[in-house]
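Novice: Sequence:
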Amino acid sequence: MKDDGPQLVQRKGTGDPTPTQGRSTGEGKTDNVEVDVSGVTMIRSLGLIGGSSIIIGTIIGSGIFISPRGVLASTGSVALSLIVWVLAGVISLLGALCYSELGTLMGKSGGEYQYLKEAFGNVVAFLFAWTSVIVIRPSSLAIISLTFAEYASSLFDMCGTPVMPVKLTAAVALVAVGLVNCYSASLAARVQVVFTVAKLGALIVIIIGGIVKLAQGHTSVLAEGFEGTIDNPATISLAFYSALWAYDGWNNLNYVVEELKAPHKNLPRANILAVIVVTTVYAFTNVSYLSVMTTDEVLAVPAVAVTWGERVLYGASIIIPISVMISTFGACNGTAFSGGRVLYAAARDGNLPEVLSYVHCFQYTPVPSLLFTVVVALLMIIPGDIGSLIDFFSFTAWLFYGLTFTSLIIFRFRTIWRDAHRSYKVPLPIPIVMVLVSVYLLVAPIVDDPRIEFLYAAIFVLGGLIYYLPFVHFKVHFKLSDKVCAFLQLFLQVVPSKAVVD
Numbered sequence: 000m001k002d003d004g005p006q007l008v009q010r011k012g013t014g015d016p017t018p019t020q021g022r023s024t025g026e027g028k029t030d031n032v033e034v035d036v037s038g039v040t041m042i043r044s045l046g047l048i049g050g051s052s053i054i055i056g057t058i059i060g061s062g063i064f065i066s067p068r069g070v071l072a073s074t075g076s077v078a079l080s081l082i083v084w085v086l087a088g089v090i091s092l093l094g095a096l097c098y099s100e101l102g103t104l105m106g107k108s109g110g111e112y113q114y115l116k117e118a119f120g121n122v123v124a125f126l127f128a129w130t131s132v133i134v135i136r137p138s139s140l141a142i143i144s145l146t147f148a149e150y151a152s153s154l155f156d157m158c159g160t161p162v163m164p165v166k167l168t169a170a171v172a173l174v175a176v177g178l179v180n181c182y183s184a185s186l187a188a189r190v191q192v193v194f195t196v197a198k199l200g201a202l203i204v205i206i207i208g209g210i211v212k213l214a215q216g217h218t219s220v221l222a223e224g225f226e227g228t229i230d231n232p233a234t235i236s237l238a239f240y241s242a243l244w245a246y247d248g249w250n251n252l253n254y255v256v257e258e259l260k261a262p263h264k265n266l267p268r269a270n271i272l273a274v275i276v277v278t279t280v281y282a283f284t285n286v287s288y289l290s291v292m293t294t295d296e297v298l299a300v301p302a303v304a305v306t307w308g309e310r311v312l313y314g315a316s317i318i319i320p321i322s323v324m325i326s327t328f329g330a331c332n333g334t335a336f337s338g339g340r341v342l343y344a345a346a347r348d349g350n351l352p353e354v355l356s357y358v359h360c361f362q363y364t365p366v367p368s369l370l371f372t373v374v375v376a377l378l379m380i381i382p383g384d385i386g387s388l389i390d391f392f393s394f395t396a397w398l399f400y401g402l403t404f405t406s407l408i409i410f411r412f413r414t415i416w417r418d419a420h421r422s423y424k425v426p427l428p429i430p431i432v433m434v435l436v437s438v439y440l441l442v443a444p445i446v447d448d449p450r451i452e453f454l455y456a457a458i459f460v461l462g463g464l465i466y467y468l469p470f471v472h473f474k475v476h477f478k479l480s481d482k483v484c485a486f487l488q489l490f491l492q493v494v495p496s497k498a499v500v501d
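If you count the sequence shown from 1, position 290 lands on 289 in numbering that gives the first Met the number 0, and the numbers rise without skipping.
In short, the hints are calculated from the structure, not lab data. Any given hint could be a false lead.
[To be verified] Below 20 Å or equal to it, Euclidean Cα-Cα: the simulated SDA-like pairs (lysine to any residue) are:
1. Lys424 / Gly200
2. Lys424 / Leu92
3. Lys424 / Lys212
4. Lys166 / Gly386
5. Lys107 / Phe490
6. Lys107 / Val196
7. Lys482 / Thr405
8. Lys212 / Gly200
9. Lys264 / Leu461
10. Lys478 / Leu461
11. Lys474 / Gly386
12. Lys474 / Leu461
13. Lys107 / Lys212
14. Lys107 / Ala419
15. Lys260 / Leu47
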């Protein structure tokens, strides 16, 4: 019998079609058997170093190369901008400690989705999953790909930074990342390792160059201190948006806690180690920028590291934009690579279309979710710029971070969780402080400067209810959706899975 690849069969007890895969009999023939992916389980393969590497590799991406301009613009002074960078690291560390307790208490992969579902119920958990799929992850990919394009444009002698070539370059980078991740998870992982080394190499060069300049007496800019400081708390909150964007990713190990060895020990240790390392690297990198460039120069250019390279490396300065391009492409790849877990958890619970959790029956990659995320990110690139996208991302992200910190407080007093064994426990004031920080980051920008990005973010979040009420709560089902699902299964060659495979 000829092997025609995936075919549609009926799942027992349902009217839903499921692809099957021809299995070779060794005689040039195949048996059509249903691919059994329901029994796949995750292995605890990550140790302390591996877990820390995931966090560091995810955090360090585009932010440190693009955010210094936004932080300085919203603080007005060198000293306050450096304080904001350090405080953003402290906030990330406190947040990571809260997530360490949640991760060891719940013991499930899926991150915020699991915690919000347990604390607030299905509606809030759905809104997080919806927002993650529609806003948070696509906007993150859009920001990173635009940063890639900004640094790519610096390689060419053009008048200014033309918008259309930058957006087209960002789109090409996004499509390339999507293709790599759809083709092979192992290839995507190898790409991530290589690019993580490259990004760390670029930062080490910048830090060493800054130390040399400081030793030569280039301290005039740093000596400006608090000169020009902006004392408006609402404006300073936008500086935290830019800095915290550079730290985003501190919570990523919670998405894979089921794959972490001895999570009660390694989750808090990995979180603490990773955030301290990143905070130290970011502080020294910003000092290096300001030992070479004036504040006006930092504010004038979107690609800060390029100007730094021209001042310090001279003829070899081309290695900086190339290294940053590699770094941001790797960050884009890592964001796409880790993106299926919330989708998977939500689709498994029936909160999102099931097809979004399907995997390719030959490559074992989450093709539908990857394609969906890339398409939404491409749509965000068209009207967006990096600054507005960071505000858009940060507002929605910190809304759900705040709710997650609140869930930790709820678990301390709710009967079912109050007496549960906690292998790791943070002092209660820490989640309370983090809730207050989240409220500040949400309210202050709106009070000072109510931008359209914040309205769009609120509309996208609440717009999830339009999908939730008919399709999740009342379980409205159209026959057309079965046909669409069957078409996508055949066209994309994907099958259902009960395991996270990305």
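Novice: None of the hints should be skipped; say for each whether it holds.
Specialist: Here's how the hints hold up against the structure:
no., hint, verdict
1, Lys424 / Gly200, "violated (36 Å)"
2, Lys424 / Leu92, "holds (14 Å)"
3, Lys424 / Lys212, "violated (44 Å)"
4, Lys166 / Gly386, "holds (14 Å)"
5, Lys107 / Phe490, "violated (32 Å)"
6, Lys107 / Val196, "violated (30 Å)"
7, Lys482 / Thr405, "violated (41 Å)"
8, Lys212 / Gly200, "holds (18 Å)"
9, Lys264 / Leu461, "violated (38 Å)"
10, Lys478 / Leu461, "violated (27 Å)"
11, Lys474 / Gly386, "violated (39 Å)"
12, Lys474 / Leu461, "holds (19 Å)"
13, Lys107 / Lys212, "violated (48 Å)"
14, Lys107 / Ala419, "holds (15 Å)"
15, Lys260 / Leu47, "holds (8 Å)"
Going down the numbered hints, you'll see the structure goes against 1, 3, 5, 6, 7, 9, 10, 11, 13, while the others check out.
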